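Asks: Sequence:
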Amino acid sequence: MAKLKFYDVSRDYIKYLKHYDNKIPDIDYDRFSKFFCGVVLQIDRYNYFAPVTSFNKQQRTNFLIRDKGRPISSIRFSFMFPAFDQVLTLTDFGSKPQSYKDLVNAEIKYCNQSADKIYKKAIEVYKIGVNKNHPLNYTCCNFNLLEEKSLEYINNLADTIKEIAASTDNKSTE
5 MAKLKFYDVS
15 RDYIKYLKHY
25 DNKIPDIDYD
35 RFSKFFCGVV
45 LQIDRYNYFA
55 PVTSFNKQQR
65 TNFLIRDKGR
75 PISSIRFSFM
85 FPAFDQVLTL
95 TDFGSKPQSY
105 KDLVNAEIKY
115 CNQSADKIYK
125 KAIEVYKIGV
135 NKNHPLNYTC
145 CNFNLLEEKS
155 LEYINNLADT
165 IKEIAASTDN
175 KSTE
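Sequential numbering from 5 applies to the sequence shown in the numbering used here.
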C-alpha cells in the first residue's frame with residue numbers, strides 16, 4: 005500500500021465541483037481562503053481526495069486522527085471527491101510555523117500507521133454514498149455525479165491545453 009501524503013486541490017476544480025454538489029466543502033469566505041488539504045485514496049477506478057479537518061468528534065462517516073490517544077483532527081469521507089493528478093499538488097508546509105509542522109507530522113504519521121483502517125472506512129463510506137437507500141446517504145457527496153463531472157472537467161482541461169498548443173504552433177509558423 006502506498007504511503008499516504010497530504011495534498012492540495014486546485015481551487016478552480018473545487019469551485020467547479022461545488023457547482024454540482026453543495027456538500028463539497030467551502031474554501032473561500034468573505035475575507036480569506038480556507039487552508040484545505042487531504043489524503044488521496046484509490047477507490048474503484050478513481051483517486052479520491054478526502055479532506056482532513058480540525059473536526060475531532062467521531063461520526064460514522066469520518067476517521068479520527070489521534071496524537072497520544074487524543075483526537076486532533078479527522079478525515080471527512082462523506083465530503084471526499086474524485087481528483088485526478090492534474091488538480092492535485094503535494095502540500096508544502098515549509099512556510100508554516102514549527103508548531104503547525106509538528107501537528108501535521110503527527111497527523112500523517114498516525115494516518116500511515118492506520119492506513120488499512122483508513123482505506124476500509126473510505127470504501128465503507130463510498131458504498132454509503134452510492135447507495136441511495138442507505139439512511140446515511142444524505143450526509144455524503146453525490147459520488148456518482150462527481151465522478152461524471154470530474155471526467156468532464158479533465159476532458160475540458162485537456163481540450164483547452166490542446167487549443168493553447170495549437171494556437172502557439174500557429175503563431176510560431178507565421
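A few of these clues could be false.
[Stated by the list, open to error] The calculated label-pair distances, taken between Cβ atoms and stated as ranges, are:
| hint | residue 1 | residue 2 | range |
| --- | --- | --- | --- |
| 1 | K72 | N160 | 42 to 52 Å |
| 2 | F88 | H138 | 34 to 44 Å |
| 3 | D48 | S99 | 13 to 23 Å |
| 4 | R74 | Y123 | 20 to 30 Å |
[As the list claims (entries may be wrong)] For lysine to aspartate or glutamate, the following EDC-like pairs were computed, each having C-alpha atoms within a straight-line distance of at most 20 Å:
| hint | residue 1 | residue 2 |
| --- | --- | --- |
| 5 | K153 | D48 |
| 6 | K100 | D12 |
| 7 | K9 | D71 |
| 8 | K9 | E152 |
| 9 | K153 | D30 |
| 10 | K153 | D96 |
| 11 | K61 | E128 |
| 12 | K19 | D89 |
Keep in mind that the hints were calculated from the coordinates and are not lab data.
Source: prediction; values computed, not measured.
Note that the Cβ used here is the ideal one computed from N, Cα and C, for glycine as well.
Asks: Each of the hints needs a verdict: does it hold here or not?
Replies: Structure-based check of all given hints:
no., hint, in the structure
1, K72 x N160: 42 to 52 Å, "holds (46 Å)"
2, F88 x H138: 34 to 44 Å, "violated (27 Å)"
3, D48 x S99: 13 to 23 Å, "violated (36 Å)"
4, R74 x Y123: 20 to 30 Å, "holds (23 Å)"
5, K153 x D48, "holds (16 Å)"
6, K100 x D12, "holds (15 Å)"
7, K9 x D71, "holds (17 Å)"
8, K9 x E152, "violated (25 Å)"
9, K153 x D30, "holds (18 Å)"
10, K153 x D96, "violated (28 Å)"
11, K61 x E128, "holds (18 Å)"
12, K19 x D89, "holds (17 Å)"
In this structure, the earlier hints numbered 2, 3, 8, 10 are contradicted, and the remaining ones agree with it.
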